[in-house]
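K.L.:
Below are the chains, spelled out letter by letter.
Number of protein chains: 4
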Amino acid sequence: MIVVMKIGATQDQLNHVIKTADELGFSPHIIEGKERNVIGLVGVAGQRDKMNVIGDMPGVDNIVPITKAYKLASREIKPEPSIIDVCGVKFGGENIPVIAGPCSVEGEAAVIKVAELIKAAGATMLRGGAFKPRTSPYSFQGLEEEGLRILAKAREVTGLPVVTEVTNPKYVDMVYKYADMFQVGARNVQNFALLSELGKTDKPVLLKRGMSTTIEEYLTASEYILSEGNKNVILC
Amino acid sequence: MIVVMKIGATQDQLNHVIKTADELGFSPHIIEGKERNVIGLVGVAGQRDKMNVIGDMPGVDNIVPITKAYKLASREIKPEPSIIDVCGVKFGGENIPVIAGPCSVEGEAAVIKVAELIKAAGATMLRGGAFKPRTSPYSFQGLEEEGLRILAKAREVTGLPVVTEVTNPKYVDMVYKYADMFQVGARNVQNFALLSELGKTDKPVLLKRGMSTTIEEYLTASEYILSEGNKNVILC
Amino acid sequence: MIVVMKIGATQDQLNHVIKTADELGFSPHIIEGKERNVIGLVGVAGQRDKMNVIGDMPGVDNIVPITKAYKLASREIKPEPSIIDVCGVKFGGENIPVIAGPCSVEGEAAVIKVAELIKAAGATMLRGGAFKPRTSPYSFQGLEEEGLRILAKAREVTGLPVVTEVTNPKYVDMVYKYADMFQVGARNVQNFALLSELGKTDKPVLLKRGMSTTIEEYLTASEYILSEGNKNVILC
Amino acid sequence: MIVVMKIGATQDQLNHVIKTADELGFSPHIIEGKERNVIGLVGVAGQRDKMNVIGDMPGVDNIVPITKAYKLASREIKPEPSIIDVCGVKFGGENIPVIAGPCSVEGEAAVIKVAELIKAAGATMLRGGAFKPRTSPYSFQGLEEEGLRILAKAREVTGLPVVTEVTNPKYVDMVYKYADMFQVGARNVQNFALLSELGKTDKPVLLKRGMSTTIEEYLTASEYILSEGNKNVILC
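Chains as they are written, first to last, in my numbering: chain A, 1 to 236; chain B, 1 to 236; chain C, 1 to 236; chain D, 1 to 236.
Each hint should be verified, as a subset may be incorrect.
When chains are identical, the list treats them as one kind, so a pair holds in a single copy or across two.
[Claimed, not checked] In silico DSS-like links for lysine-lysine, alpha-carbon gap of 30 Å or less:
| hint | residue 1 | residue 2 |
| --- | --- | --- |
| 1 | Lys6 | Lys119 |
| 2 | Lys34 | Lys231 |
| 3 | Lys153 | Lys177 |
| 4 | Lys6 | Lys78 |
| 5 | Lys203 | Lys34 |
| 6 | Lys153 | Lys78 |
| 7 | Lys34 | Lys119 |
| 8 | Lys113 | Lys50 |
| 9 | Lys170 | Lys90 |
| 10 | Lys19 | Lys34 |
| 11 | Lys71 | Lys153 |
| 12 | Lys119 | Lys19 |
| 13 | Lys208 | Lys6 |
| 14 | Lys132 | Lys78 |
| 15 | Lys50 | Lys132 |
| 16 | Lys68 | Lys132 |
| 17 | Lys71 | Lys170 |
| 18 | Lys153 | Lys50 |
| 19 | Lys6 | Lys153 |
| 20 | Lys177 | Lys6 |
Since the hints were made in silico from the structure, they are not lab data.
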């Protein structure tokens, strides 16, 4: 990490920062600038909690982390593109798979009909909501397990793999039994309890970007899944 | 609800909308405008799903709901201000209570010391995180139940009631045992599974507004708690 | 427009609104609902200022405009797609024209070289900034008229028409002399003084959408250009 | 500035960056990290254009500027709080001045009446719009110079200094004649042509923060005014 000292910070303040950094296990390197001094701290990664200690010291203007907040999601660890295979449908390769289906699952006949139509039109994966995260509690909330059963039935009829949204950590096991891929909606992109639970499974996760989510927040959200052991994350 | 017809919609399209609205249980009232026609549909509230049916019909420009998406959160149902009493601390009345405390609970001695200091400074409620929804999975995630125990201990020593964040529906019961008020963080403002679970309890909920959350989304999120029976929601 | 009365508004309040609307030139139509009354006001369009008068009256919950804030930008006035022809390059038709070029114009030889390369690569229009709206006043602000001259020179050499940004109403005439199309950047999407000035010219305007600009704001911004007489607006 | 090399960057790439930085006038300092190398470049401030050259070189992950994009707006240059005196009303000191008045200036009698009322209520400055940046071109755009004249009249009657919005660089001189302080609205926070023009005057500027404007963008926008010589900027 880089420690940027204030213009006009005293030599005592500089010495104090260096001593503290040293005690925390960093190797400090001072760069004397024209306006101010900057200290490079070399050490093991993931020291974000220690950064705050130094960031609050007198004479320090701000702290710049060098290590990214995400690791497994980074190209630095895995430079080649990831290809995620969901029952033969490949995400991340040359072709762009099309997922289609109704917003919410409302009845078996309709879903099967839709599945047949989208397959005929070229889609290779079926979507449909059994749990609907609706803005209002008075809107239809989904058929829940019955909806999942209908999706599985449509897969049986058409051969299309199924992706469906999960909104509550306690339903991860239930959705796992029926779906081929989990969907995490935009509003749950930082629902870390849900993400961690999904990280413990071995099925792919389609993670949607939230409203105003920055790229760093988005990749770090995916890191919650990856760091639990599930490497099959698709950013949507 | 109001149905706004397109400029140039045909008489047949208008008739079709009226017939469909009638079948759905609405009483339609046509208002002939200079540029276009508008239809007022009178009926029972909460017909948002039926709105979509009509909104998709040929000749319809758009649909304007009159009934708000939230009810219990509305001044129309309860015009007088709500005063929520948390162990004697009143939110919504003449005085503004100050809640203070550390970001995260890290140790018993420190939290008790902080609690004593904030009490001396005039705060009437203690906060501190036992479950920390951190952007990165590699950051400190909180002491969990041990953290809750420390907060309860600080309450015992100082008499200050305690509010703490809950991030996972499955920990609602555990947090309930120790805290006097639940906190829902900005990132969970539309975590409906969590909100519904909190609505089933009888302890107050401090609901923080999310990044870019509109007023309607925010009030409707609070409706998830209210509609389950818990009337003690504090917007923060 | 639609006037939504409050639940519990009195008959007197309703009568007062109707009387006022009548005096303002509207024909009121009352729709008696189950929870509240709604009044449809028929009248000439563009009465947004009158709306405020009624919206502030006792017993009124809110006002819903039916007429859109934009007219000329609407499909209702002109249902068929617009095709804007910029020196033979057509925007809005079957083909998608590609505009390419350097961020800022920095020198004649480089711009001509770039223009030749992008033409060889299939681009049909040249872009480059002579006026650069930079976040910092200490960053390079562009070559101004000399930059415009260089762009015109590159057009002479390659035959590619030129689009370039204009940021100040007082330079509209100068940019007009050199460019084939004006560009309005994201940060100026609601710079109404600039938009009005461009509406008085006869050259196409490429209007970029601003950060967080809603669709209605964006279309209404384009209306500033259209309503001055310039029908050649391209949304980018 | 700090140059962060990629994990796995070669020694050749590192050497090339150092050589280039040296040629650009920087003194490079290498910090060898555990995962990657980082280079501190010491040199004169305001080298943002040179940063791009280095940021694009092979092996470079990213560039971190140390010098802030704004200078005059920084506490580093002027640590003490600024107090701006507008005809005896002080902004930035112990007291918080209240500015009040109508959204738009619509008539002399009304504005004078309002000015008297707000003065009696304790306001110390009068506001009112003579140029109204309205979302729609069909909304009332303000009385322009006649509105400014009315504001000046209200000042004459009440003694309250006047602040009013200016939206077009070409009206800066006109507004200067009547107002005691310029207002720049949220939508014009990055209208750099307007800000620069205001920086050439000697009257205070009330700069409103735009929708989604970051703190750095906001302070750097104020720098456009400050760097032209006008030190009287009030952030609103």
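K.L.:
Each of the hints needs a verdict: does it hold here or not?
P.N.:
Outcome of the hint check:
1. Lys6 to Lys119: Intra 62 Å, inter 34 Å, cutoff 30 Å: neither.
2. Lys34 to Lys231: between (46 Å within a copy, 25 Å between copies)
3. Lys153 to Lys177: within (13 Å within a copy, 43 Å between copies)
4. Lys6 to Lys78: Answer is between: at 13 Å across copies they meet the 30 Å cutoff, but 37 Å inside does not.
5. Lys203 to Lys34: Classified as neither; 54 Å inside a copy, 34 Å across copies.
6. Lys153 to Lys78: neither (37 Å within a copy, 46 Å between copies)
7. Lys34 to Lys119: neither (65 Å within a copy, 46 Å between copies)
8. Lys113 to Lys50: Intra 57 Å, inter 22 Å, cutoff 30 Å: inter-copy only.
9. Lys170 to Lys90: Classified as within; 28 Å inside a copy, 34 Å across copies.
10. Lys19 to Lys34: both (23 Å within a copy, 20 Å between copies)
11. Lys71 to Lys153: Neither. Shortest intra-copy (39 Å) and inter-copy (38 Å) distances fail the 30 Å Cα cut-off.
12. Lys119 to Lys19: neither (66 Å within a copy, 34 Å between copies)
13. Lys208 to Lys6: between (40 Å within a copy, 28 Å between copies)
14. Lys132 to Lys78: between (35 Å within a copy, 29 Å between copies)
15. Lys50 to Lys132: For Lys50 and Lys132, only the inter-copy Cα distance (17 Å) is at most 30 Å; the intra-copy one is 41 Å.
16. Lys68 to Lys132: So Lys68 and Lys132 pass the 30 Å test across copies only (20 Å; inside, 34 Å).
17. Lys71 to Lys170: both (27 Å within a copy, 28 Å between copies)
18. Lys153 to Lys50: This pair counts as between: shortest inter-copy Cα distance 27 Å, intra-copy 52 Å.
19. Lys6 to Lys153: Cα proximity of Lys6 and Lys153: none, with 65 Å in one copy and 40 Å across.
20. Lys177 to Lys6: neither (57 Å within a copy, 42 Å between copies)
Taken one by one, the earlier hints fail for this structure at numbers 1, 5, 6, 7, 11, 12, 19 and 20, listed in ascending order.
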